[in-house]
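*Asks:* The listed protein sequences correspond, in order, to chains L, Z and R. Note that the first sequence covers residues 1 to 748 in my numbering. Note that the second sequence covers residues 1 to 288 in my numbering. Note that the third sequence covers residues 1 to 159 in my numbering.
Since the hints were derived computationally from the structure, they do not count as laboratory data. On a predicted model such as this, the values are computed, not experimentally measured, just so you know. Hints are supplied without guarantee of correctness; some may be wrong.
What the hints assert, rightly or not - Listed below are the simulated SDA-like cross-link pairs for lysine to any residue, each with C-alpha atoms no more than 20 angstroms apart in a straight line: (1) LYS117/L to GLU44/Z; (2) LYS738/L to GLU262/Z; (3) LYS117/R to MET155/R.
The primary structure of each chain is shown beneath.
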Amino acid sequence: MSLDEFQKRDFKVVGQRVERPDGIDKVTGRAMYGADAYATGMLVGKMLRSPHAHAIIKSIDTSAAEALAGVKAVVTAADFAPLEAGDAHNVLDACIARKKALYDGHAVAAVAATSEKIAKAAVKLIEVEYEILPHVTEIEDALKLDAPIVQEGFRNKKIPADMSDNASNYYQFGHGDVDAGFERADLVIERKFRTAATHQGYIEPHACLASMGPDGKGDLWCCTQGQYYVRALCAQIMAMPESQLRVTASEIGGGFGGKTTIFIEPIALKLSQKSGRPVKIVMSREEVFKASGPTVSSVTDVKIGMTKDGRITAGDAYLRYQGGAFPNITCYLGAQSAFAAYDLEAVRTVGINVLTNRPKQAAYRAPGAPMAIYAVESVVDEMCQELGLDPLEVRLLNAAKKGTKSSYGPTFDDIGLVATLEAAKAHPHYCAPLGPNQGRGLSCGFWFNFGGNTSVSLNINFDGTVGVTEGNPDIGGSRASISMMAAEELGIPYDKVRTIVTDTNSLGHNDVTDGSRVTFAVGLATIKAARAAIREMCNRCAKLWDIDEDAVVWKDGFAKPAGPNAGDYEPMSLAEIAAKSPNTGGPIAGHFEVNADGAGVSFGVHLCDIEVDPETGFTKVLRYTVFQDAGKAVHPDYVEGQMQGGAAQGIGWALNEEYIYGADGRLQNAGFLDYRVPVASDLPKIDTVILEIPNPGHPYGVRGVGETPIVPPLAAVSNAMAQAIGTRMFELPMSPPKVLKAIKAARG
Amino acid sequence: MRYTAPSTTAEAVNLLASNPDGARILAGGTDLLVQLRAGIIAPELLIDIKHINGLRDIVAEDGGLRIGAAVSGAELGEHEAARALWPGVVEAAELIGSTQVQGRCTIVGNLCNASPAADSVPAMVAAGAIARVIGPNGSRDCAVGEIPVAPGRNSLAPGEFITSILLPARVEHASDAYLRFIPRTEMDIAVCSAGVSLKLDKSGICVAARVALGAVAPTVLLVEEAADALIGTTLDEAALADLANACAQASAPIDDKRGTVEFRTEVVGVLAKRAALIAKARALGETS
Amino acid sequence: MSKIHVTTTINNDPAEFLCEAEDTLLDVLRDTLRLSGAKEGCGSGDCGACSVTLDGRLVCACLVLAAEVEGAKIDTIEGMSDGENLHILQKKFLEHAALQCGICTPGILVASKALLKKNPDPTESEVRLWLAGNLCRCTGYDKIINAVMDAAAEMRGLE
Chain L
1 MSLDEFQKRD FKVVGQRVER PDGIDKVTGR AMYGADAYAT GMLVGKMLRS
51 PHAHAIIKSI DTSAAEALAG VKAVVTAADF APLEAGDAHN VLDACIARKK
101 ALYDGHAVAA VAATSEKIAK AAVKLIEVEY EILPHVTEIE DALKLDAPIV
151 QEGFRNKKIP ADMSDNASNY YQFGHGDVDA GFERADLVIE RKFRTAATHQ
201 GYIEPHACLA SMGPDGKGDL WCCTQGQYYV RALCAQIMAM PESQLRVTAS
251 EIGGGFGGKT TIFIEPIALK LSQKSGRPVK IVMSREEVFK ASGPTVSSVT
301 DVKIGMTKDG RITAGDAYLR YQGGAFPNIT CYLGAQSAFA AYDLEAVRTV
351 GINVLTNRPK QAAYRAPGAP MAIYAVESVV DEMCQELGLD PLEVRLLNAA
401 KKGTKSSYGP TFDDIGLVAT LEAAKAHPHY CAPLGPNQGR GLSCGFWFNF
451 GGNTSVSLNI NFDGTVGVTE GNPDIGGSRA SISMMAAEEL GIPYDKVRTI
501 VTDTNSLGHN DVTDGSRVTF AVGLATIKAA RAAIREMCNR CAKLWDIDED
551 AVVWKDGFAK PAGPNAGDYE PMSLAEIAAK SPNTGGPIAG HFEVNADGAG
601 VSFGVHLCDI EVDPETGFTK VLRYTVFQDA GKAVHPDYVE GQMQGGAAQG
651 IGWALNEEYI YGADGRLQNA GFLDYRVPVA SDLPKIDTVI LEIPNPGHPY
701 GVRGVGETPI VPPLAAVSNA MAQAIGTRMF ELPMSPPKVL KAIKAARG
Chain Z
1 MRYTAPSTTA EAVNLLASNP DGARILAGGT DLLVQLRAGI IAPELLIDIK
51 HINGLRDIVA EDGGLRIGAA VSGAELGEHE AARALWPGVV EAAELIGSTQ
101 VQGRCTIVGN LCNASPAADS VPAMVAAGAI ARVIGPNGSR DCAVGEIPVA
151 PGRNSLAPGE FITSILLPAR VEHASDAYLR FIPRTEMDIA VCSAGVSLKL
201 DKSGICVAAR VALGAVAPTV LLVEEAADAL IGTTLDEAAL ADLANACAQA
251 SAPIDDKRGT VEFRTEVVGV LAKRAALIAK ARALGETS
Chain R
1 MSKIHVTTTI NNDPAEFLCE AEDTLLDVLR DTLRLSGAKE GCGSGDCGAC
51 SVTLDGRLVC ACLVLAAEVE GAKIDTIEGM SDGENLHILQ KKFLEHAALQ
101 CGICTPGILV ASKALLKKNP DPTESEVRLW LAGNLCRCTG YDKIINAVMD
151 AAAEMRGLE
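Excised from the complex, chain L in its bound form (with noise of 0.2 angstroms):
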């Protein structure tokens, strides 16, 4: 058997609730998030943006601003030099406006100025003339014919003729006749699901600091989920090899996938390049709401047919996202993961992506398929009811497991799906009973989890300690995962341990922190880079004794001869190893790079008891249960936490989030006053239930943890309220006057 293939071990660190080593600074304030750093000679950098949702960009005239005291820099799209078509194209038009601002929010024009409220005034005096355009902000309304084009070009061939040129994006996947498995069903229901536009709302505003030499190196300081992609892109962006450009990741004040791309970055190192100092620019709320990436909102339809025992025959979901002014693929993402966990003889499933007038969408844990799933699930919580089935006995009855071939492709391999219903089934939360105006929901939720580029350093200290170094950022304990691994494999204490995230110059390439990568990628490459120490270790160790290399072999923390033969030898501690290493050859190291396969899909399964006002339709969740397969969960105390987290803002989009927009196709609500994320009295205590279905996948049999969360509260959520108010609702969120307007149509 292959080392990178999962074994069953005793686990000595991991499994453990170790403190993380990050901890202390966190709760002493000394952390360095984004905006925390201060350089010598710093400007401040602010942006001119948009009020307008569509409009020409006539003129922009920055010679007053440029003639304030204090101001260093101007900059405009003018100032970079226009790219190809492609990924980083679409990046810098979203970071800056070229010829049309696209969205309320779009930034036009920046300034750097010595201080901030010179930047502010600067700002302010920069004229743009604007030439007005009609806007659209809805799905429904951007697909029409006659609708007001956002951007021309993007409109993929297979889009149906009876769609606007704000259509962009197409896929479908599926297999067997669908049309035959409908003729099959006892029961067909069809139904149409709306999800809103919802924002991660990290706590912490995009912040970034950029110093530009007259060399053409520079640095930049962001706060991101990955520092090597931000390097990337603005390198493109620059014009700059990438080798000038280092990128460090500050502490990461939240990021749940909003953090994946770039606003400000380019527009920093612009500023700088042209004042010849650093520039820092860190975004208010309001533009982080306007400006940053929040993720998309659905028009879904699905069609179910199920036999009267239960068994679905066919499924079907059309899908229409849209996600602002650029193209996307997370309707992709969500036409394959929306019939994920069942084991179907035939599905079918369209994604289209649509234009609109709104900021480009950034990733939102485990995009695209809240919405998918949250419609999926309702359709099947609604057949069970029609049919008199128990909705968690129908989704064990067609739970997708090992062999089954999934609704986007793939053939699962082992897969939680099935236990963490069965441990749903068994918890007691399953069968309490509920009072009036209660209810109670039950959603599964699925995450593909991904690997990717990946690379680490691990250093054997003379003193026997050991230096990790890793380059993803850490956004909720990852650091102190990746040292439990590394000492789970040297046999070493935890403590010994420390794990760094480092710069893009200092360690080879890595894909961004997402995907709920970066414990399986990042975990497995040091599990790995370990065993290169290892195999270093019992090669010194071959040396001093004079025996060959194949007859030291590694055992908790110790190097010893193989058997018998291979002579009687003191097995030699990592420490004694270390400490003779310069005597022996030098430095001690190991590394891997692997461009990592196997992640091993996530299953979750939700449960959630809330009680609704009938006079007000306010909604109060009573008690809520997670259960979800982890494969191996490294650090069970930050496991919960991912669980608790993507629960709480799962509740938050099904209940109160959105975005909204006025008639004039401005953001109305750009402050946490009225993007209502759920606060501390609003939750529950929520209970988390962890599975340990190795992921075959992992040395360890690790599983991405991070998205799947988020995906199954939406129909947890919105099936508890049909029991609730006994009668269904078809969009998110069910905010009050929805709710009510809801219980008042059912009484007639």
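We have chain L; now place chains Z and R onto it with these hints.
*Replies:* For chains Z and R alone, coordinates are given in the frame of chain L:
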């Protein structure tokens, strides 16, 4: 912009009067600083009144309480006598913002900001609270309900500001309550709200009532028909239904990001009913 | 326009600074005094990440003008531990894994300390309501509440 912290009301009045367009009073600042930052206002001068003698005090007066303009929500909430006398007003004041905002916000600021959704205002109007206004021509007293005239606009003349609010004395078998609706449990602006103050006779029949509604009109509404629905009743179901009806009739709300006309019109009556029952229970000494 | 000179006490140490009338306490703490433990999450009092105490009262530093703190006593996250000795709340936050990204943590710790001073034996719902002005987007609040409850119990035991 300049900042000044006068130590007397006379000084503050002078400063205010000599900068008729460009001066703003700063007490708790929880609205003012937000508006400054958003660029909604750009005053030349901020007059911090927290250092003026007496403005941070709560003092007994004619059986009632005089609340200084710089008394924070948290300080009011910690004042046992205020809680006992006007529990509805105090609970309303305590709903202004988070714990952090409570540490700074004032009921006078809440009033002068003139938001139709201000939490403390319906409760104060129901309580018949009186604002003491000082200005170049001396001081005057004014019913709280006359201060806001439109969203974001108050009736204070140039050079005037409010130094205190008098919560009047209360007779026996009387009490008040305030309820608001928000989508979350905290941190939201009222979608609609109701303050009810009432007096019962010995047999438990309502003999006087004031019902004030928030966020269903450009300013807080004092609804006489709603009060009439309660007077002469024991707050039985029919009376409460009449109350809710009267509230709905009087409401003229708008659709906005926080709620719909339909929702506000319906829910404001629900809140009024519930607040009336709480006020009644308090008046009967059943709850505090 | 000359700057305003302010004399104050921060974390029991005397402090002086110059500010402009529009500078907030948060601006000065972070950009002038480089006490960047208080974070700006919103600048409008909606997130609590800049929580500090002002004369013992919990406030958002973004909703206080720097000029207002003349003669006042301010406590920030930087003054919470006693040298190397963490405050019980800080220890409990680590022990209970009550933080993920950590950006809200300084504000929540300051707010929790203010709560336990006022109410040493809060119920879970009292903790949740007190902390409603401190947004956390990572944890779902569960472990934060556990940490505060546990810290409260331990602090009561010490008295």
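*Asks:* Are the hints correct? Go through all of them and say.
*Replies:* Each hint, compared with the structure:
1. Annotation: proposed proximity of LYS117/L to GLU44/Z holds, straight-line Cα distance about 15 angstroms (limit 20 angstroms).
2. Distance hint between LYS738/L and GLU262/Z is fulfilled; the C-alpha atoms sit about 10 angstroms from each other, no more than 20 angstroms.
3. The straight-line distance between the Cα atoms of LYS117/R and MET155/R is roughly 10 angstroms, inside the 20 angstroms bound, and the hint therefore holds.
Consistency note: the structure conflicts with none of the earlier hints.
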